[in-house]
Amino acid sequence: MANDLFNSFMTGPDENGRFGSFGGRFVSETLMPLILSLEAEYEKAKTDPSFWAEMDDLWAHYVGRPSPLYFAERLTEHLGGAKIYMKRDELNHTGAHKINNVLGQILLARRMGKTRIIAETGAGQHGVATATVCAKFGLKCVVYMGAHDVERQKPNVFRMRLLGAEVVPVTSGRGTLKDAMNDALRDWVTNVRDTFYCIGTVAGPHPYPAMVRDFQSIIGKEVREQMQAAEGRLPDTLIAAIGGGSNAMGLFYPFLDDKEVNIIGVEAGGKGVSEKMEHCASLAGGRPGVLHGNKTYLLQDDDGQILEGHSISAGLDYPGIGPEHAWLHEAKRASYVAITDDEALEAFKLSCALEGIIPALEPSHALAHVMKIAPELPKDHLLVMNMCGRGDKDIFTVAQHLGVDITK
Amino acid sequence: MTRIDDTFARLQSEGRRAFVAYVMAGDPDFETSKEIVRGLPGAGVDIIELGLPFTDPMADGATIQLAGQRALKGGQTLDRTLEIARHLRETDTTTPIVMMGYYNPIHSRGVETFLEQAKAAGIDGLIVVDLPPEEDEELCIPAQKAGLNFIRLATPTTDDARLPRVLQNTSGFVYYVSITGITGAAEAQAEAVAPEVARIKAETDLPVIVGFGVKTPETAKNIAAIADGTVVGSAIVNEIAQGKPVEEVLAFVKTLADGAHSA
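If you read the sequences in order, they're chains U and P. The numbering of the first sequence is our numbering, which starts it at 1 and goes up by one. The numbering of the second sequence is our numbering, which starts it at 1 and goes up by one.
Excised from the complex, chain P in its bound form (with noise of 0.2 Å):
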């Protein structure tokens, strides 16, 4: 069982659903990041994603890659986002962290290394963008090994012929993409979305938490009605380059995570 299990486990006997929020390590800089991902579990958040900043995330839309320009800019580091989370687990031990990026810089640390010290660090699970099902043996297999969530993406693309093959070696929770498209996209349709989180649920007993386009605490109550939870990602972001105080920023996640777990 890892933090991620107990947390869906807890949840389901308090009959909620996850509110799972998205945020750039060092957006807008390293020291007010740190802050935000502290507080975040105040806020309402059961399960943080946080992004592994990329030069070139090529599935994010715009909202995003500014995140992680302006994270990269600030001298943001794979070391710095290792200890953002080492600075949660000081005050925290029970919310599930997730990191999510691209393989390069984890590619780039070396995978043994860096299963190690995300370990270390009290990251939960991964999410890797750009490692589909056919290449489990460069990141999946190691990290279920050492004993971390690999968390896959289930997209409207993903056939019926295939979805077994993306959730055989996913563990924690599947992310269903509800849209074809990048982060921060056109709003989500829980009419569109809710038979095919039914199609994924008939095939595995994970929880299934959908995710981009979600933007308001209405969309999130509606998306999460439908699933096990939901995430926001870019819509947090825009606040926090917006260069609103952390309080705001909180507050602003609070009424997403009101929603969400109002479904």
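Just chain U, with the same shape it has in the complex (with noise of 0.2 Å):
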């Protein structure tokens, strides 16, 4: 119950920036400082109406918030069973939830006095977002993205370049978002005095799981009051895409103490979770480690060595997960579950056909699983599922695997 401190899911992290055994601050000690100033702004900014009012106007005027709660009609046909709502969130200004963290991050950082503001981007929707952000508020921004990532998502490198920020391409590692984000805290770890990392999901050290968690919850609290509107209750089940898992952890965070509510997110299981790895369910096939400032279940392979995922979906293609939804996870609150490339292909097809939404790769994956459960639900049982990005950017990636070719 929400009221019982005890038995809540709401309370974490802990001074300690724990939720249960995961999160933490595993960083050097050049960015420690910083991370414990930023920890302070953000403790008093959550509790400073101005700076709410100033998210608000933001997320009315700049964002176009709220987004919409739809019912898709014909996909529920279908289907045949559940209900099914989507959670417009693609139609947000820069076309996913991604600037609803950015603004509040940008809003700390001017109120820290930085002045440069870096980032790392898988998909490039969140590289777009802080591009965006900095341009309306003058601060200069540098986004590094893996050199892969660069070539997969070709038209948002050319978004971020037009917005004025600087891309640097990766080329360590495999050259994904893992990659991007060492590049990032080299960055940040040279330039700390001056410079904002402004992280795009749910990880990182504590504050960035917590703080970024809390400017997303803004999309589960909408959905509160979007279906009390539209069907008088709660919804039954909540379905969201899980890279670094940002999107996801704001739908299910002002639900966590509802336990009525099923929670399911949905991993990217690539070509299938195998010990062959082409996968990047962190959940269903890794293991508790430290990457990236905080612990949590991990790609890794015996020696602690970080493997390489894959998706289809470049903002998927992380090796590691939220610590809080490693967390929920242990703690069974939440449930997670894999969906292949090829399925998620299928939903993209099937949004396309029946509901005239192009949806980004990512939230196909929920959407997949949306399709596989929502048969067996009965006709009455309310199925939420985060639209959390617009498929524009991904359209050359599935020409591709269609066997088209759009570039002639």
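Just to be clear, a hint being listed does not mean it is correct.
[As the list claims (entries may be wrong)] In silico SDA-like pairs for lysine to any residue, Cα to Cα no more than 20 Å straight-line: (1) Lys73(P) <-> Asp303(U); (2) Lys73(P) <-> Gln305(U); (3) Lys119(P) <-> Lys136(U); (4) Lys215(P) <-> Thr190(U); (5) Lys73(P) <-> Glu308(U); (6) Lys44(U) <-> Asp56(U); (7) Lys254(P) <-> Pro217(P); (8) Lys221(P) <-> Phe252(P); (9) Lys276(U) <-> Gly75(P); (10) Lys136(U) <-> Gly64(U); (11) Lys73(P) <-> Asp302(U).
Read the hints as simulated data drawn from the structure, not as lab findings.
Starting from two chains that each stand alone, build the complex the way the hints lay out.
Below you can see the structure in the form of structure tokens.
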């Protein structure tokens, strides 16, 4: 129950930034003082009505919140079971949920007097959101992006450059999100005095996982109200895709203490969760370890070396997961499943055909799981999936997989 | 008293500064790495920092990153890194070995098991870059209990208010990071570092060693002169990266050691 602190899932993290045994602050000493001052600044902002007034104003007039809760009628009919709602965060300015969090962090950076913003990006959505808000506030912006992702997300690279950001292709490792995060951390440790690191997901050292979750929680708060208005009650099941897990945490968090709400996170199953490790399902195929400032489930070999995963979706191509998800998984408050590249592509096509919504490949994973379970559920079962991003950026990847050449 | 404490006591009685050399275990390959490490004491190295390769070395510059990748590609593991330490101990029982790296390979092994194995292999201390004082319960405190030194990094951003916390559970020596940045970055400036070393020495009796951005015998001398010693890493790793024979690598190390010892 929400008012019973001893059984609440909403009180984390503790003063050491831990969700159970997960989370923490595993960073070099150079960064530690800054992380502590960020925590102090965030604690102040959290209870400052003027901070939230500014956020609300930007969310309403710059982002276009609240995003609609949309009843997907034809999809519901097609699947023949649960009543399917989509939380339309793909309609936000910049096309994904990422901007919810970026605004909060940039307002904090301004309060801390930082003039240079760095970010890592996978699919490019967080990079675009960061470049956008930096343009709006006149801040210098540098985005680290794996060279492989620069290749598969060209439209977003061009967008970031149009918005005035410097995009740095990262060639270390395999050139994906994990490597971009390493290089962003290297930049931060070098330019710590004037630079703010705007992390795009619910990972990294404390306070990032909690802070990003709090900024993204606007998603779940809106869903509560919107579902109340639409159906007069809470939803029965929530489903969201997980790379690091920020859109999922944002949807899930306001419902964690509503025990009757079933919560499902969908990891990227790539070519299938097996020992070949051609996937990015950290909970299904990984074990606890320490990377990028936090303790969480990671894809790693027997010697503790981090493995390169695989996903068709650049935004899910990360060998870890936010520490709060690791905790919710172990506490069994949420369940986590994996969806393969092929299943996600099928969902992508179905959403286009039946609802006229071109989804990003990330929420296509969530939708694929909806397709799996909705037919078996009763017609009065209320299911909400987070349509956390739009698919414009992915049409090249999808075309390639469908064997269509649209570059000529 | 550990080998590290003994070494500093000896150096102090001789009026000499310490020269600390970093190499990545398994770079360029396992066998050559064993030979290089065995040759370091003869090249004037007082303390060996043995890098434990990790896929995601987020505080290291390109030189050490690539060394780690070479080592991992050659099949380097935690066991083989311990093997390199054991190999040195067959011919040298006095030169301290400090294992330097990131926490995940240690966490993966299990802290208790790792500490037993490290101790048995002749490792004397640990530098784990991603374990600040806030995470002391993870490894620092168990390591000290097991009789291994836990050497902490102090940095230009460690202010006076925080310094006591950083020093609290540190033993062996304090590693002062001369710059805000990654390994192999800009040249360290003795004038800028001297007041920082003094600031730390005012708070602790432990020796203070300065590293990051020390690349030449001359810088080694200048930096050693204002501290209890200095560390060179990337410059040595660069020689190894060029595929130079072991003797040449060791000859280069000796020029650095001579520089530091002339301070």
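Going down the list of hints, with the structure as the test:
1. Restraint check for Lys73(P) and Asp303(U): satisfied, since their Cα atoms lie roughly 13 Å apart, inside the 20 Å limit.
2. With a CA separation close to 12 Å, the supplied pair Lys73(P) and Gln305(U) stays within the 20 Å bound.
3. A C-alpha spacing of about 56 Å is found between Lys119(P) and Lys136(U), which places the hinted pair above 20 Å, so the restraint is violated.
4. The hinted pair formed by Lys215(P) and Thr190(U) meets the criterion: a straight-line CA distance of about 18 Å does not exceed 20 Å.
5. Only pairs whose Cα atoms come within 20 Å are accepted, and Lys73(P) paired with Glu308(U) is accepted, the gap being roughly 14 Å.
6. For a cut-off of 20 Å, the pair hint linking Lys44(U) to Asp56(U) stands: about 17 Å separates their Cα positions.
7. The hinted pair formed by Lys254(P) and Pro217(P) meets the criterion: a straight-line CA distance of about 9 Å does not exceed 20 Å.
8. This hinted pair checks out: Lys221(P) and Phe252(P) have alpha carbons roughly 15 Å apart, not beyond 20 Å.
9. For the given pair, Lys276(U) sits about 18 Å from Gly75(P) by alpha-carbon distance, which is consistent with the 20 Å threshold.
10. A distance of roughly 15 Å separates the Cα atoms of Lys136(U) and Gly64(U); the hinted pair therefore holds under the 20 Å criterion.
11. Pair hint Lys73(P) plus Asp302(U) holds up; C-alpha atoms about 15 Å apart against a cutoff of 20 Å.
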